[in-house]
Amino acid sequence: MQRMYEKIIRAAISLFVLVGLASAQSNTTINAPVTDITTVTASPTDIVGNHNTAQMGSTSVGHSTVNAPVTDITTVTASPIDIVGNYNTVRMGSMYVGDSTINAPVTEIATVTASPVTIVGDHNTAQMGSTSITHSTVNAPVTDITTVTASPITIVGSNTAVKMGGLSIQNATVNAPLTNITTVTASPVTVIGGFNVAQVGGIFAW
Amino acid sequence: MKRSLLLLNIAIALVSGSTLRGQHVAPISTTGLVKSLTAAPNTDNVTGTQTMIVNRAHVLKDRVDAEGDLYFFRRYSDVAGKPPQDIEALLTPAPVTPQQKVRTMNLVVDIDHPLFIVTSKSSSSSARKTTDGTTPFMIGTTIIDGKVSRDLQVNSFITLDELKITNKRR
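Chains as they are written, first to last, in the numbering used here: chain D, 1 to 206; chain Y, 1 to 170.
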């Protein structure tokens, strides 16, 4: 009986520790304007399957301290998205900041024109002009301007990602302005098979 | 008599030579001649600013100029018939390091033919994994190796025909 009580107490302590960690992680502080301007025109989206995500001009800030403006301006025109399968993600002009400290403006402007995305398979990702800052400290302006024109992406397979433009900062320290201007034109990309990742243009900071 | 005529000819030759030399203000280097004689790049889809990038990439190769500009240009003939690991290495510039003191990276990739690439896990020359554990196949991507401690701007112009990427069957 005493052992059972001990087990219950240990489990309760473990649970409280986990809850404490979770609450400690969600300490986002934003002391400046966050602006997101998204224009989507004539862009039907078809999703067949479960747990799929299609984002257009989505800004996500998590577990971060942001003390300056974060701006995301996305324009998507006539860009149907078809997803058949499970756990797939399509992002157009999406900005994600995670586990980071940013004390300066982060600007992301993506223009995607007539760019259908078709994904058949599981766990696939297609990104156009997506800025991702993870596990990083950024103390200077980061600007990403990506223009993708007439560039259909087709993915057949699983665990595959296609990224056009964009700016990915991973485990890096940025102490000076970093600007990325990528223009991708007439670029149909087809990925067949699993575990492939194609990156066209953009910046990778390591 | 013959000797005086010979001296006269030599004198005329010297005078005409000095006159010809006087017409050239700047000396011509042999390296400059070699550069101008190399084949001009095919720039079908390249216009405006991109033409400047192509020309400077052609001259400077992988050197950073005095203003901190680095230029990169690739076209289909650079990668035609090459194995996948070579294609990726050719289509992506070498990582930019802080020691290079690059201020602006200017990049043009103009592939006007369909590209079919068979990849394997070991084919990626970058050998850099993203946070989700994947190793991207990069085309015209600028890799920054190390801290970014001074202004850096990357201008990329990428034109692709059909691009197909598939896994290598084992």
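No lab work stands behind these hints: they were computed from the structure.
Just so you know, even glycine gets a beta-carbon here, dropped at the ideal spot from N, CA and C.
Careful: at least some of the hints might be erroneous.
Stated by the list, open to error - Just a sample of chain D residues kept apart from chain Y, beta carbon distances all over 12 Å, derived:
| id | residue |
| --- | --- |
| 1 | T38 |
| 2 | T45 |
| 3 | D46 |
| 4 | V48 |
Unchecked claim - Stretches of chain D that chain Y covers, calculated by requiring three or more beta carbons in the stretch to come under 8 Å of a beta carbon on chain Y:
| id | stretch |
| --- | --- |
| 5 | 52-61 |
| 6 | 174-181 |
Unchecked claim - Covered stretches of chain Y (chain D as the covering partner; in silico rule of three or more C-beta atoms under 8 Å from a C-beta of chain D):
| id | stretch |
| --- | --- |
| 7 | 80-87 |
| 8 | 151-162 |
Hint by hint, here is what the structure shows:
1. T38: Holds, because the least Cβ-Cβ distance between D:T38 and chain Y comes to about 24 Å, which exceeds 12 Å.
2. T45: holds, 24 Å
3. D46: It holds; D:D46 is separated from chain Y by about 23 Å at its closest Cβ, greater than 12 Å.
4. V48: Holds, because the least Cβ-Cβ distance between D:V48 and chain Y comes to about 24 Å, which exceeds 12 Å.
5. 52-61: violated (count 0)
6. 174-181: Coverage by chain Y holds here, the residue count being 8 at a Cβ distance below 8 Å.
7. 80-87: It is violated: at least three residues are needed, and the stretch 80-87 of chain Y offers just 0 whose Cβ sits closer than 8 Å to chain D.
8. 151-162: holds (count 12)
Hint check: violations occur at hints 5, 7; the rest are consistent with the structure.
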